[in-house]
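Colleague: Sequence:
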Amino acid sequence: MIQQVEFSLPAFSRGYHLVTQEIFQRIGSLPDTGILHLFIKHTSAGLTINENADSSVRVDFESVFNRIIPENEPYLIHTLEGPDDMPAHIKSTLVGASVTIPISAGKLNLGTWQGIYLCEFRNNGGKRMLVATVWS
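Count the sequence shown with the working numbering and you get residues 1 to 136, in order.
Each hint can be trusted.
Pair by pair, the computed Cβ-Cβ distance ranges are:
1. Q3 with P83: 36 to 46 angstroms
2. S98 with D54: 20 to 30 angstroms
3. S13 with I90: 11 to 21 angstroms
4. K127 with G96: 15 to 25 angstroms
5. A97 with N123: 12 to 22 angstroms
6. G96 with E22: 17 to 27 angstroms
7. H78 with K107: 35 to 45 angstroms
8. P83 with Q4: 28 to 38 angstroms
Below 30 angstroms or equal to it, Euclidean Cα-Cα: the simulated DSS-like pairs (lysine-lysine) are:
9. K127 with K41
10. K107 with K41
11. K107 with K127
Treat the hints as calculated values from the structure; they're not laboratory data.
The C-beta atom is built at its ideal place from N, Cα and C for all residues, glycine as well.
Could you put the whole structure together from the sequences, leaning on the hints where they help?
Modeller: Next comes the structure, spelled out in structure tokens:
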């Protein structure tokens, strides 16, 4: 059986935001076993699974990504939407637009220290639309 729901997450500031609980609230009950696929319908934000216990991880993510992909570089051509736009597209490509998580015993089978992150790469990205698909 396949179930699918589309929903929005509220606007977040630029950065890396744990949204595991928001995802749980939006998708409802899960089957005993299966797979959850989450997809973000945007090209300047991403989804990832990573460390959820220490908030300094989020600060380091921002620092490293900004160092690897800086804004205001003279070689960037796509600049009409602001200096954060093209770097946001590149960061989104590196992080990815989806995650897939196994479902076991009616719960997401994440590791002890894993959480789902919304990676907001724009200064003012706005609401973000996600599609959750559950296979059971």
